[in-house]
Each structure stands twice: as structure tokens, then as C-alpha cells.
Amino acid sequence: MTEPRGRLGAALIAALFSVPLLALVTRAFADSWRAPALVPQELGLRGVRIAFSGETGTAFLNSLQVATLTVAIALILAWPAARVLGERRLRHPATVFILLAAPLLVPSYAVGSGLTEWFIRLGLDGSTTALVAAHLTFVLPYVTIVLLSGFGPGLTTLEEMARVSGLSPLRRLALVSLPASAPTVAAAALLGFLVSWSDYGSSLAVGGGRPMLPVVLLPFVGADPQVAATLALLFLAPALLFLVLTVRAGRRPL
Amino acid sequence: MRPSWCLALVAVAALMTGGLTACGGSSTAPRSGNAPASADGFTATLRAARGQTVRWWLYGGDEKINAYVDNVVAPAARRLGVTIKRVPITDTADAVQRVVAERRAGKTSGGAVDLIWINGENFAAGKRARLWLMQWAAALPNARRYVDASDPSIARDFQVPVEGQESPWQRASFVYAHDSVKVPAPPRDLDALFAYAKAHPGRVTYPAPPDFTGSAFVRQVVSVKGENAAFAYLRRIKPYLYRGGVTYPKSEAELSALFGDGRVDFAMSYDSSFVGSAVRKGQFPASARPFLLGGEALQNTSYVTIPANAARAAGAKVVANLLLSPELQAAKLDPAVLGNPTVLDPKRLGSKRALFAAKRDSRYVLRDYGRTVAELPADKVASLEQRWTRDVLRSP
Amino acid sequence: MSGALLRHPRVRNYARLAPVILTITLLFGGALAGAVRTSVLPLGQDATLATWSSLLHAPELVDAALFTLRTALISTLLAAAVAVAIALAVWRRGTWVRALLALAVPIPHLLVATVAVLWLAPGGLAERVLGALPITLVRDRAGLGVVLVYVYKEAPFLALLLLAAMGQGYREREEACAALGASASQRLRWVTWPTIRGPLVVGSIIVFAYVLGAFEVPLALGPSYPPTLAEYAFNATRGDLISGQSTAAATLLLTSVAAMLLAVLAVRLAKDPQGD
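Protein chains in written order, with the working numbering: chain A, 1 to 254; chain B, 1001 to 1396; chain C, 2001 to 2276.
Hints in this document: simulated from the structure, not taken from any laboratory. Note that CB positions come from ideal geometry on N, CA and C, so glycine has one too. Honestly, I wouldn't trust all of these hints.
[To be verified] Looking from chain B toward chain C, a few residues come up when the C-beta cut is under 7 Å (computed):
#1 1096
#2 1104
#3 1108
#4 1125
#5 1251
[To be verified] No more than 20 Å apart at the CA atoms, straight line, and that leaves these computed lysine to any residue pairs for SDA-like:
#6 1085(B) / 52(A)
#7 1182(B) / 1202(B)
#8 1380(B) / 1202(B)
#9 1238(B) / 2240(C)
#10 1380(B) / 1128(B)
#11 1127(B) / 1155(B)
#12 1380(B) / 2177(C)
#13 1107(B) / 52(A)
#14 1107(B) / 121(A)
#15 1127(B) / 2225(C)
#16 1127(B) / 2240(C)
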């Protein structure tokens, strides 16, 4: 593929995936947009006004808090396991992989409603602990799977060289392991964050009425497209920020 | 929108504080008058409710209701020391499921749900499973004073006796919408609707049950024609419907979008002021108007109920009582606010009647809802929905 | 002796895996146990298999299952194909293009579906721009709109997985092969495919399982009938309020078991030719 054609093809594909989403921005600020008009009949801030009344601020912070905690805990738990799996140190890794994959094959609503009863009995329902635990069930596998792809003989060799050079384990971690695996860690963190951030099923089941952004948003999606579009943009903001940071990190050479 | 909220709020505030100061004695009793001994019992409730946060689970997709609760009810409650926390849900069933889950886990007190906006099958199912607090609604001061407990449309919720387990809040009438420019003379009844569909194939449809609105439409047909004739009618009209009656809108919102875009000629809703809201939302053209089929409308009353294991039952009772105050009921009569009729008995209003006279007229809200078509028994609703799926949707 | 034991590689491996394994077993196991319990203990009744038997005898269940399976299969295969095409076209490009591409990933499925309705429904933007659309994409019996949304949403996700695998050392290998005289198709077979096969299979299984169990998209775009299995479970909780949770739990368990069996099958099939 010649350079200019390749570039055009790439740009086209990228545009195909991003332009329809710009319709979302227009919808958010269109007070009135009925067929067959291509341009909204009326622009306005009605969507913004309604979207930000009530529980939205709390829901945004709750979702942010839960997603951040979940991803942080997931990374810490997953790092050692990912090393073992990524460096292929197990003789029979299949069992572990099946265990990792199982929660991903189950709708999050099922996980949420299955856990709710135990949480209610423990007096935890609606607490951050319960939400983080429920989210962790499927975020942990995602994070582990993505993380393990960053470990392998390349990293082991580097660490061996560092060890031979006399660096302590802690300095090895800080100066070699973490920087080398930064892109993968960033990708894992992004995915984990997104999965938790946008989860509806288990947030609804386990939340016990605690405002979470997807739960606040869903009633509007069918009923009021303009408010839904506004909330959607709010939804996207942290996710997009995180995404840009990750892609930046992903371009660093090994 | 904002000015009318301000007005409503100021009006309510003035009346409430006026009522409070006029009482002298107990500063917590809402108003003077022929309040019998029950006021003392309720005084204890008011005292217990002070400082409580009531978690009220109600449908979150209607900004009018959200605004009414946030801007009119919540400030009034705050004056009594009760904070309302609105928990938005997609469907009342979500709240019932929450209470069921707590019941299943053996949680008999300290529940996460204090108040639910509810009626019909949701209430009946909860009542059968003994989920609701009992014998409290009729004892509320405002209920005793202003509500006609013998009115069958209040004493029975979809034919199920209320028995003091829920307190009335709103009335709703099932209305239809047409575009007065495109269809100046809408069909007068169901047979005329059939003729219209035949003459204009693909321009008529309704949401598929078990959607709330679609189910209500099917119930209206059943009430008018009798069950078997009704399903025969729905099968006969099927080929002339939008998309040949093979696929239906999944919700009222979808049907409204189709109507607003001019794909179909009629919309419908149990929210009697939905035409006004949709025009304000920019979804319907300004020429949309409501109408009735057959000079009658399916009507129901909706209530608030308190789960038996609610953590803050006292606060919930105070809120339920507030909702029945003439000031709050009159505030929601305004089409710019909610625009639906009151559940209070006009004959018992006395001096408060003046509040209800000053409502604005609107071409988007009907003044008269014709004959009342009572709702069917709650347990019939589910079986009708299933029969629709079998006899109409899946039929060739 | 215990010091040596702790330094034993096998023990250290298990110790490293323990946090993840314990957490998942506890949480996921608890969720499954809870679901099983709910499905056999409807509120107010003693343990009974009535919910399961009425579920398995429901005629709508078979239709729902077949529809769900078909949708998931087609969506996954198409998304995988599109992802490979994207990865091949884009792997040399800069951050800019990848960021644009990945715009679809953070957005929840339901929102993508809503945007899809905005564009593809009768009266939607696509029709306003192009005139009438040749095929129905929303609420059609074949579920085409649903498939389209899943492909749109999952293809970038899979493509990003592939691109991540194509990062380290891939460029060098590819260019080395080209320098040695390998043709484009040979490079594809011997350099590209082995690199992307792993993430593609794993990613596809994840996508397949997700589509099998999701319901927001069919709720927005799918036909009234048949529903997907997850929609069926969801409708159960809205219909019969008291024992609806039991039916829903049973349906979701059924879906999960099916997804797990199919995943095992897929892994078996993927392993066979290469003996990996």
C-alpha cells in the first residue's frame, strides 16, 4: 500500500468511527431536531440545565470514586499474577485462564444480582465496598489479561541485566519494570476504568439506590434524547482524558 | 419554565409559612381547623421525622416530575425537617425488586427504600407478598381531611383494595395526540381508528406490551370491546399498522419520536399533559393536540407506598402527607408544572378551593376527560400482556 | 527448610497468583451461588425447581436462544474481520488516528445504540442525507441493526488489542522479512498472523460472550420478537414481580453456562491446528 493511499484509508476509517459520534454533541445542544431537518430547528441549553439538576454531580463523583478504587486494587492484585502468566512460568496455565475468563462470560447484571443478597446480609449494600467488590469481579480478569501481554522474555532479560548490574529489587521495579511495562499498564488501567465506569447492571443491583452515572443516565435514553446526549458527553469526559493519556503512553518505545 | 417554578414555589412557601404561623400552639401541626385527635398521633410522627432523609424511589426519565419533587416538594419537606433524596429509576419494578431482594435476605428493618411512587400490578404484587407497611395511609391528617376514602377510584388500585397500604398522589388519564395541521379531524373511536388505518396503511401503531403505555392501550380496547373481540380487533388492524404490525415501538418514547418525526399520525400516553411536555422538549410540532377515543379515557390513580422494612417510615409518612396538602396538589395542576388533576375531593376543600381555580388553560391539555374507563384488575394485566404476545405479535 | 520452600519457584508462582485467584473465586463463586439460590428459592416459597421447569418449557426461550446465538456469532466474526482490516491499515500511523479510532471504545453500548438510532432509524440522519435507506436496520426481524452496532463498537476494541500486540518488535520482523524478499501475502501469513492470532482469538471470545449476555443494544434496536436471552431475563423481572427474579436468575445462569461451554469449544478449535 503506497503511503498516500494508506494514509487516506486510515483517515477514512478513523473518520467513519468518529463522525457519527459528533452527532451526539449536536443532539445535546439541540432543543428541537425533528425530521426531515438535517440541522436542528432550535439550539439551546435545555439539555445542560436538566442534566445537571438533581443527583448528577453526586453520581459523577460516586462513579469516579468506584472506578478509580476498582482499577487501583485490580492493578495491585493483578500485577504478580500477570507476571507469572505472562512469563509462562506455569506448566498448566489453562485452569487459571478459564477462571479468569469465566466472569467475563456472564452478564454483569447476573453478577450484581447474585452478590446483592450476600451484601444485604452483611449490611454492606449500597456501600462503596460492595460496589467495588462487584465491579472487581469482572474488572480483575480484564486487567489481568491485558497486563500479562506486557510481560515476557524481553522484560525478564532487562531485569536480569539490571540485577546483574547490582540494582536492588525496589530500584529494579522503579527504574526498569514499571517504565518498560508502562504502555501495558496504561492500557490495562484504561480498560479496567472504562468497564467499571460504564457498568449499569451490577451498579443497579448492588448500589441500593446510590446514585451512579449510568444508572442516572439510563432513564433518559429512551425518554429524552437531548438530556441523554448531554449526560453522555459528561460520561465521556474522564474516559476520553484517560484514553488520550493511554495512547500517548503506548507510543513510548520499549 | 423557570418563572412558573418560581411562582409555584413562592406560592407554596407563602401558604405553608402562613399556615404554620397561624397555628400558634404546636408549631409542627400544618394547619388549624377541625383536626381531631389524630393530629396528636401525627405530631409524634412529625417529631420522629425531623432530621430524617427519606429515600424516594421514583421514575427518573421525566424532568417535569423530577423538577416538581426537587423544587416544590423538597423545600416544603425541608421546612418540616425532612430531607428528600430522590432515587431515579427506569421502572417502578426496580424498586419492588430491591424490596424483594431485601426481604429475601431477611432484612426486616433499615431498608434502603423509604417511599415508592407506585400503582397497579407493582402494588398488587407487593401487597400479595406483604411487602408494604400497613394501615397508615388513611390516618394521615390531610387524607382524613381532604380525601374521599369511599371514592372507588381511590379506594381500589386497579381493582385491588388499597387497605391503607398506599396513599394517593396523582390522577392520570390516557390520552392520544394528533397533529392538527396534518390530521385536523382525528378518529372518534376505535372503529374509526381502524377505518383510518385501513385508509392510511403504515401510519398507525402502538407500543408493544409489556411496555406500560402499550399495555394501557390494549386494556382500553379490552374495556371497550370485551376481551375476545378486542384481540380480534388487534389482529384485524395488524396488517395496516406501521411496519405491517410485525414490529412495534418498544416504548412510549419511541412512539413519540415516530410521531414527532411525522412517521405515524398518532401518539398516546398515560401522562395527560404529555403533549405540552413534548412540544416544550422540541419533540412534537407546535400544532400537536391531545384527543380522546370514544369520548372516554382510561383513568388510574397513582400512589406512594412505604415498604414494611423502610428505615425512615416516619419521614416517608410526613412526605406522603405533604403530597396531599392542597397547596402542593394545586401547584401541580398548572400545565407548566405537571398538569394533572388532583386526587383531593373538591367538596372537602372548603376555603382552599380558591387555590384550584386559578389554573391556566392550555391547548395542550384537555379540560374534560369524558367518561371514566376504570382500570382492569391488576392480575389481569400480566395475562393480557402475555396473550397479546401470543395472539397478536406472534400470529402470522 | 521453610525458607527454602518459600523460595521454591512453584510456591512463589502460586503465591503470586493467589490474590487474583482467591478474589475471583470468592466474588464470582458467590455471585453464581447467589444466582442459583435465587433461581430455586422464589420469594415466600420453599426450595423448588418450578421456576426452572417453567422456564425450560417456555416456547419463547428457544426462539430467544437461537436469536441470541445467531446475533453473537455474526457480530463477533464481522467485528474480528473488520478489526484485522483496521489493524493492517493503521498500524504504521500516529497517535492521532489511533485516538480517533478509539473514540468508540469508552462509550457505553447503550449510547452507541442511541446514536445508531439517531442515524439509522426511519427518519434518522442517514435517511435525511441519503434519501430512503434500501434496508431496514432498526427493529428488523433479522437484528441487522444490532449486529451493526456491535461491530461498530467491538471492532475498534479488537483492533486496539491487535495493535498492542503489533507494537513490540513487529515492525522489525515485518521489515526484516520484506528485506529477505517475502511477498505481502507471505509476510501476512508468517509474521502478521502469528502475532495477532492470540489476541484476536482471546478478544473474539470476550466479544462473543459479551454479546451473548448484553441487552441494552437489543433493547434499543432489536426486534420486538424474538428477544435476546438477556432481554428475556430482564422482561421477567418487569413482568412477574415476585418470582421474576427467580426466572431472570435461571435465564442468566443458562446464558452463562452456554457462553462458557461455547468459549471452551472455541478455544479447543483455535488450538487444534497449531497445537499451541
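Structure-based check of all given hints:
1. Satisfaction of the interface hint for residue 1096(B) is found here, the shortest Cβ-Cβ separation to chain C being roughly 5 Å, below the 7 Å cut-off.
2. Below 7 Å, beta-carbon pairs count as interface contacts, and residue 1104(B) has one with chain C at about 6 Å; its hint therefore holds.
3. Here the hint on residue 1108(B) is broken, as its CB sits about 14 Å from the closest CB of chain C, past 7 Å.
4. With a cut of 7 Å, the hint placing residue 1125(B) at the interface with chain C holds, because the nearest CB-to-CB distance is about 4 Å.
5. For residue 1251(B), the shortest C-beta to C-beta distance to chain C is roughly 9 Å, which exceeds 7 Å, and the interface hint is violated.
6. Our distance criterion of 20 Å between C-alpha atoms is met by residue 1085(B) and residue 52(A), whose separation comes to about 16 Å.
7. Taking the CA atoms of residue 1182(B) and residue 1202(B), the gap is about 15 Å. The hint holds against a cut of 20 Å.
8. Our distance criterion of 20 Å between C-alpha atoms is broken by residue 1380(B) and residue 1202(B), whose separation comes to about 30 Å.
9. Our distance criterion of 20 Å between C-alpha atoms is broken by residue 1238(B) and residue 2240(C), whose separation comes to about 27 Å.
10. Taking the CA atoms of residue 1380(B) and residue 1128(B), the gap is near 15 Å; set against the 20 Å cutoff, the hint holds.
11. The hinted pair formed by residue 1127(B) and residue 1155(B) meets the criterion: a straight-line CA distance of about 14 Å does not exceed 20 Å.
12. Only pairs whose Cα atoms come within 20 Å are accepted, and residue 1380(B) paired with residue 2177(C) is rejected, the gap being roughly 72 Å.
13. Proposed proximity of residue 1107(B) and residue 52(A) is contradicted: the alpha carbons are some 34 Å apart, above 20 Å.
14. For the suggested pair residue 1107(B) and residue 121(A), the alpha carbons sit about 7 Å apart, so the restraint of at most 20 Å is met.
15. Between residue 1127(B) and residue 2225(C) the alpha-carbon distance is near 32 Å, which puts this suggested pair outside the 20 Å criterion.
16. Restraint check for residue 1127(B) and residue 2240(C): satisfied, since their Cα atoms lie roughly 13 Å apart, inside the 20 Å limit.
Violated hints, listed in ascending order, are 3, 5, 8, 9, 12, 13 and 15; each of the other numbered hints is respected by the structure.
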